[in-house]
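> Each chain is listed here by its residues.
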Amino acid sequence: MGIFGGPREHTGLLRTDAELLTAHISGDRYAFEELFYRHHRQLYRLALLTSRDPDDAADALQDALLAAHRAARTFRNDSAVSSWLYRIVVNACLDRLRRNKSHTYEELDEQMCRAVDPTRRADTAMVVQRALMRLPVEQRAAVVAVDMQGYSVAETARILGVAEGTVKSRCSRARSKLATSLACIAAGATTTE
Amino acid sequence: MGDGAGPPPDSSPDPAPIDLTPELLADLQAGLLDDATAARVRSRARSDPEAARTLALLHSVRRELAQLGRGEGADQAAPDVPANVTARVSAALRTAPDPGSPSAGGGHTVSRPRLTRAQRAGLVIGSCAVATAVVLGALVLTHDPGPAFPAGPTAAQITVNRTASSDVPASDFPLSDSELRAALSEQQDLGPLADPQRRASCLAGLGYSPTLQVLGGHAVEISGQPGVLLLVPFGTPEQIGAVVVKPSCNAADTGLLAETVLTAP
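Just so you know, the sequences run in chain order A and B.
Quick note on numbering: our numbering labels position 144 of the first sequence as 144, and the sequence is numbered without any gaps.
Counting the second sequence from 1 gives a position; our numbering is that position plus 1000.
Possibly wrong hints are sitting among the right ones.
[What the hints assert, rightly or not] Computed spacing ranges between beta-carbons, pair by pair:
1) A:Ala-154 with B:Arg-1088: 18 to 28 Å
2) B:Gln-1197 with A:Thr-166: 37 to 47 Å
3) A:Thr-16 with B:Gln-1197: 47 to 57 Å
4) A:Ala-18 with B:Ala-1083: 22 to 32 Å
5) A:Ala-18 with B:Pro-1097: 40 to 50 Å
6) B:Ala-1083 with A:Asp-53: 16 to 26 Å
[Stated by the list, open to error] Quick partial rundown of chain B residues pointing at chain A, CB under 8 Å, derived from the structure:
7) Leu-1058
8) Gly-1069
9) Pro-1079
10) Ser-1090
11) Ala-1182
12) Glu-1186
Hint data in this document are derived by calculation from the structure and do not stem from the laboratory.
Think of the CB as a built atom: it goes at the ideal place given N, C-alpha and C, for glycine as much as any other residue.
Make a model of the complete structure from these sequences and hints.
This is the structure we're talking about:
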């Protein structure tokens, strides 16, 4: 029965994302929840990366998924269902950032290198993500939009309600700091958190 | 890889010396520098191994971020979702109206005859407008009014597709490392840039020596835009610079669409 509370329609075969979305549109009450659970870690990660704090991320995630739940019929099959969900979550978070602009954020300091996992076998993805979470949220949001989601600078500027030069500057600062993380790993720095 | 020596040092006198800091190189990558300064920085960077390594690192950052965005190979990196978050979202989804019910804002659950393209387009536009109004309206009611929104579209209205943009190189280089390496051994097809004078003008605009040997290249497309891939020696013998420019690339307007650095495996 699983965590979704409803009987599976297919005996032991996992439905694809597209099948789940179609089932949801057709009235399957648990299909969208299953879709959420299948991708919930990546969705939550994206929400965390583009929110000021975990509470904001949870709120934005719920709002975004409810919006996707309602707007499922608008999915145009021109991308993967997962990509569509990722984009909706990021959009929702960036919209919240634009509406709640604040200049109070934790600036990354020169101690960043010491906070990086020192082992040569460290998962680069974990390093980058950890370094991302230490960035000011405005810089984080810029690289999430441009580098992770593929928005152009112009699109990102519209989403965030800032000038294109501001987006470029935030991307530059963010990438420079993230590059420092990767350089730390390459150099095999020994640190502790 | 040609003689592997890279481009000749910039022999023209610098009006002002350039300090190739990581921040300056990041500005270069982000498209913050004017064309003349960008060309000078690129030219200097190729003869500076440390700067070349920094640029390669910056390109690695963008690749890693793109992979994170796709959720590739990073299950261990994705955070555990707090149980209360999963529970509340699941509960909200279970109690949300059926998308086919009237309270969900339109449509019905019975099977319908297949729609024409025009009818589907109209349904998409109408559904987007309803969904956007519901979400934005609910958010406005629960938050203090913020700054006035720009007149342009909100994020909820922006479609999934990436639109072509010439303002900054795309986050994903259009070719993988293996495809770039394959291009080194294939016959070059540089299109309009096969002409030596046009190619020299393009290379100069990019900050390269006009006589730099192009190691490989062919036509590519980025988000529907035609481009030309050029592979050239970079700062160290282990590195190859890869750029995609518009076919009209010249010294005044390179039309740079994407760039990356390929490092020998």
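> Could you check the structure against the hints above and give me the numbers of any it violates, in ascending order?
Hint check: 1, 5, 11, 12 fail, others pass.
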